[in-house]
Amino acid sequence: MSPRLDVTHHGAAAAGGPLLFLERTRAVSLGEWVVVRQTGIADRRGQVIDAGEHATVVQLLDDTVGLAPDRAEIILTGEVATTVVGRELLGRAFDGHGAPVDGLPAPIGEALRPIDGAPINPVRRARPRDFIETGISAIDAMNTLVRGQKLPIFSGPGLPGLEIAARIVEWARAPRHEPFAVVFAAVGITARETRDFLDRVRASGALPRTVLYLNQASHPAVERLHAPRLALTAAEHLAYECGLHVLVVIADMTHYCEALREIATAREEIPGRRGYPGYMYTDLASLYERAGIIQGKPGSITQIPILTMPDDDVTHPIPDLTGYITEGQIVLSRELHRRGVTPPIDVLPSLSRLMSGGIGEGRTRPEHREWSDQLYASYARGREARSMAAIVGESGLPAGDRRALAFAEAFEQTFINQSGRRTIDETFAAGWTLLHTLPSDDLTRLSAATLAATLAAHEASR
Amino acid sequence: MTARIIRVAGSLVEAAPLHGALYELAFVGTRRLLGEIIKQRGDVCTLQVYESTTGLAVGEPVEHTGVSLTAQLGPGLLGAVLDGIGRPLERVAEATGDFIAPGARADTLDAEQQWAFTATRAVGDPVEPGDELGTVVERAITHRVLVPPGVHGVIAAIDSGTYTVTTPIGALTDGTTLRLAHRWPVRIPRPVAERFASSRPFVTGQRVFDLFFPVAEGGSAAVPGGFGTGKTIIEQSLAKFSEADVVVYVGCGERGNEMTDVLTEFPLLVDPRTGRPVMDRAVLIVNTSNMPVAAREASIYMGVTIAEYFRDQGNRVALMIDSTSRWAEALREMAARQQEMPGEEGYPTYLASRLGQFFERAGRVRPLGAPTREGAVTIIGAISPPGGDFSEPVTQAALRVTGSMWALDAALAHQRHYPAVDWESSFSLYADQVAPWFTTHGGEHWSAVRADLLALLQKERELRDIASLVGPDALEDHDHLVMDIAAMVREVVLRQNAYHPHDAISSPPQTYALAHAALEAFRDGERALASGTAFAELDLAPTRRALAAQRDGVTP
Numbered sequence: 001m002s003p004r005l006d007v008t009h010h011g012a013a014a015a016g017g018p019l020l021f022l023e024r025t026r027a028v029s030l031g032e033w034v035v036v037r038q039t040g041i042a043d044r045r046g047q048v049i050d051a052g053e054h055a056t057v058v059q060l061l062d063d064t065v066g067l068a069p070d071r072a073e074i075i076l077t078g079e080v081a082t083t084v085v086g087r088e089l090l091g092r093a094f095d096g097h098g099a100p101v102d103g104l105p106a107p108i109g110e111a112l113r114p115i116d117g118a119p120i121n122p123v124r125r126a127r128p129r130d131f132i133e134t135g136i137s138a139i140d141a142m143n144t145l146v147r148g149q150k151l152p153i154f155s156g157p158g159l160p161g162l163e164i165a166a167r168i169v170e171w172a173r174a175p176r177h178e179p180f181a182v183v184f185a186a187v188g189i190t191a192r193e194t195r196d197f198l199d200r201v202r203a204s205g206a207l208p209r210t211v212l213y214l215n216q217a218s219h220p221a222v223e224r225l226h227a228p229r230l231a232l233t234a235a236e237h238l239a240y241e242c243g244l245h246v247l248v249v250i251a252d253m254t255h256y257c258e259a260l261r262e263i264a265t266a267r268e269e270i271p272g273r274r275g276y277p278g279y280m281y282t283d284l285a286s287l288y289e290r291a292g293i294i295q296g297k298p299g300s301i302t303q304i305p306i307l308t309m310p311d312d313d314v315t316h317p318i319p320d321l322t323g324y325i326t327e328g329q330i331v332l333s334r335e336l337h338r339r340g341v342t343p344p345i346d347v348l349p350s351l352s353r354l355m356s357g358g359i360g361e362g363r364t365r366p367e368h369r370e371w372s373d374q375l376y377a378s379y380a381r382g383r384e385a386r387s388m389a390a391i392v393g394e395s396g397l398p399a400g401d402r403r404a405l406a407f408a409e410a411f412e413q414t415f416i417n418q419s420g421r422r423t424i425d426e427t428f429a430a431g432w433t434l435l436h437t438l439p440s441d442d443l444t445r446l447s448a449a450t451l452a453a454t455l456a457a458h459e460a461s462r
Numbered sequence: 001m002t003a004r005i006i007r008v009a010g011s012l013v014e015a016a017p018l019h020g021a022l023y024e025l026a027f028v029g030t031r032r033l034l035g036e037i038i039k040q041r042g043d044v045c046t047l048q049v050y051e052s053t054t055g056l057a058v059g060e061p062v063e064h065t066g067v068s069l070t071a072q073l074g075p076g077l078l079g080a081v082l083d084g085i086g087r088p089l090e091r092v093a094e095a096t097g098d099f100i101a102p103g104a105r106a107d108t109l110d111a112e113q114q115w116a117f118t119a120t121r122a123v124g125d126p127v128e129p130g131d132e133l134g135t136v137v138e139r140a141i142t143h144r145v146l147v148p149p150g151v152h153g154v155i156a157a158i159d160s161g162t163y164t165v166t167t168p169i170g171a172l173t174d175g176t177t178l179r180l181a182h183r184w185p186v187r188i189p190r191p192v193a194e195r196f197a198s199s200r201p202f203v204t205g206q207r208v209f210d211l212f213f214p215v216a217e218g219g220s221a222a223v224p225g226g227f228g229t230g231k232t233i234i235e236q237s238l239a240k241f242s243e244a245d246v247v248v249y250v251g252c253g254e255r256g257n258e259m260t261d262v263l264t265e266f267p268l269l270v271d272p273r274t275g276r277p278v279m280d281r282a283v284l285i286v287n288t289s290n291m292p293v294a295a296r297e298a299s300i301y302m303g304v305t306i307a308e309y310f311r312d313q314g315n316r317v318a319l320m321i322d323s324t325s326r327w328a329e330a331l332r333e334m335a336a337r338q339q340e341m342p343g344e345e346g347y348p349t350y351l352a353s354r355l356g357q358f359f360e361r362a363g364r365v366r367p368l369g370a371p372t373r374e375g376a377v378t379i380i381g382a383i384s385p386p387g388g389d390f391s392e393p394v395t396q397a398a399l400r401v402t403g404s405m406w407a408l409d410a411a412l413a414h415q416r417h418y419p420a421v422d423w424e425s426s427f428s429l430y431a432d433q434v435a436p437w438f439t440t441h442g443g444e445h446w447s448a449v450r451a452d453l454l455a456l457l458q459k460e461r462e463l464r465d466i467a468s469l470v471g472p473d474a475l476e477d478h479d480h481l482v483m484d485i486a487a488m489v490r491e492v493v494l495r496q497n498a499y500h501p502h503d504a505i506s507s508p509p510q511t512y513a514l515a516h517a518a519l520e521a522f523r524d525g526e527r528a529l530a531s532g533t534a535f536a537e538l539d540l541a542p543t544r545r546a547l548a549a550q551r552d553g554v555t556p
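Chains as they are written, first to last, in this note's numbering: chain A, 1 to 462; chain B, 1 to 556.
The following block holds chain A by itself, in its conformation from the complex (with noise of 0.2 Å):
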């Protein structure tokens, strides 16, 4: 782009919600950086989100109590909206601006970089096939999760989404036991899920290899819009920079799209489903896209965003545009959870798309594919036996679906429910031990070989 001095404009036509809107704008860019400078209050910051000869559009970031258009001075920087990065961020903890709320002063940092980054170029991607260990069972043998992917979790109100994010920082072992690090974006949480989320992180001693972006429920709704883009800036450089393993958490998505909801709602734009904006997918993905490996480059960005479901609805916009973007998502029940199953994970809504790449041989184990589609197979039959008991009854069910029945139950409480670290050694010998209460025939997706070595190894060890 080129270097343009600052424009000022003195008074605004009108300003509404986060808008402000700005008449005979000249050679004003797309996505500049505006500040508002007015006497008695501190300065604002906003963005072009359309640029016009007639008319622009300014969003504003801060709240715009007290801020009277006419009067206030407008500035034009001419630049994109940028972000420090560098390794000095570790450690550091931000607002949903970059400005430090450590108490320390502000990063000198390695480079600047614009907060909207770039679409990583398919040929150059290298495909994701590094299984990470997260020592839970419903993950790493059903779900598994692997480095450079994007794969959230759909939590519902009272849900402890955060909490299983918090587990996976504290309990992930990366491949080789490579160097990684964590970037936290705290969307529109409150105060007490922010402190809930840290302590967790900080008593796995993760935090000096943490950055933080922290915009809570009481900060302004715009900077949700924000705090995540400068996470995903801050973690791509720690990442193909400076070479290290990055696992970016952000929550709740559901903040940032409320977020995105009201900017359009205040532009009068034409609103799709659930008056969420039509280009909320376009929108959404070119945050969950900036996750991924490039060829030729030793880091990765994982990205677990977090995200609460509406009433627990899965075909709400934001879960839904969110499942077509990711490469699977991890899903929670409230009927586990108010059984007391820790985590409370459905398995079968559950789905990691990159799976097939991290596991067999030499990864995890050969068979892991048909033992866990065998896992799959036998509780979804379960399932189904348990709604057909809700009719019938239990003793009316045929012997077969008893026994489903009966797998169902010890499923949840002896392999989803775990109270500590499993590694996979110790949830592939869980999973077998379940299985070995079937009878072979009801092993339908299991292959002759493995059946047959599977059972050998069972008699030998009785």
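Since the hints were made in silico from the structure, they are not lab data.
If you're wondering where the values come from, they're calculated on a predicted model, not measured in any experiment.
Cβ atoms here follow ideal geometry from the backbone N, Cα and C, with glycine treated the same way.
Some, not all, of what chain A presents toward chain B, calculated at C-beta under 7 Å:
(1) 116
(2) 118
(3) 123
(4) 273
(5) 281
(6) 348
Based on the hints, put chain B in the right spot on chain A.
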């Protein structure tokens, strides 16, 4: 007076004073981003820009080009990985690095590469559009170098030899230069001599499609499914294993890592029919969800134009669109930014007509020119309905114009039953049309086996409904047999493992044999019951194991 930008909103730019033609390309801004004029009002033009507009400023110049978006068609397309506007992504990477930045210019075809051209026509021959001038061998395909549509005359010069795609291979007496490659505007269907219905199926190698819901070659299918139901796996399996000479795969607004999968796998996978890597018959068009939406909108037209080019040479081409919904959303996004009056769910009112025009570019045809040949483009369009709700506008519009629907079901996907095709709501309008072919090439009683199995599954669904109301005790022995055999059919015949070396592809005879064997097992069971055996005494486990072994290609 130079045209200047007067407004930038997302990927939409307004410029004035500019008098262009609709769909004409323009260079936008000092970085010369590529854009397309989509509206003209007074002296104000509205353009959609194919590259990121961040940083684009009011007052920057706009220059129109006089041409519309074209595909460059010629040798060198096979194995190519292009973005939505036809730039090879490798070349873009050379220009802008690991991340895509605006402003990179690159032709689709490599201008340096030399091709051996063998002339099949001679000086003095009169030629018409579509006539073969000669051939060039590229990978598994022999390109016919064709007289471009709209060009005719008498050959003044032509020589076999080695050429690049831009150097002349000859000329007509009126001075028209002949080259190995030519350009065609992507939004205009390439002309053909004749379109006709096809009695040949597009053989997918997937049992549930070939047997239950076939697509005719030159037909089209819509594949709607919520997220996680396996649309992409189906599209990829078809790209790998279907019977087609050329596969054009459009990753339209989908995931970057998924395309990496395709790019890693296709060069390694061998097409069993030619013994060559799958990549040798593939053209990939990749415009991921975070790449500019205007280029996403263009990507499917780029794809179908390349498909039509190969069709015109006499090839059977499969065009995979993953996903049609992302294209429709791009259309919606551009319409909303122009403040057009929205139709259903915010989509523009012309959604259905555009979709119809696009799917109608599928077809089995006799291309223009000599020698007489036949070619086909079959379109398989994945659809991503919001919330998995098929009543939404994109699914409904697609169903009106495609001949098959493969409805994907979340409940099946949750059980890891893939392809998760719901046999109740899926349909095929081609089944009767292609039945004779399958009878000849698959098995003698193809239609009967198909009908009997569908009836069996239908019966099972009814019995399940009864059982869930009054309990399984109320069922008769024969009902139990139906349920057990139907379960076996679902498990062994319909489920297909895309990762299994033997099961990933199932030829029509293999599909028939398996389906026939399952039906025989049912008849055996019925006979046993009729002779007085109680259902509880029947042991179906060995049958099931034998079928599974047959499917997996192992001896039980």
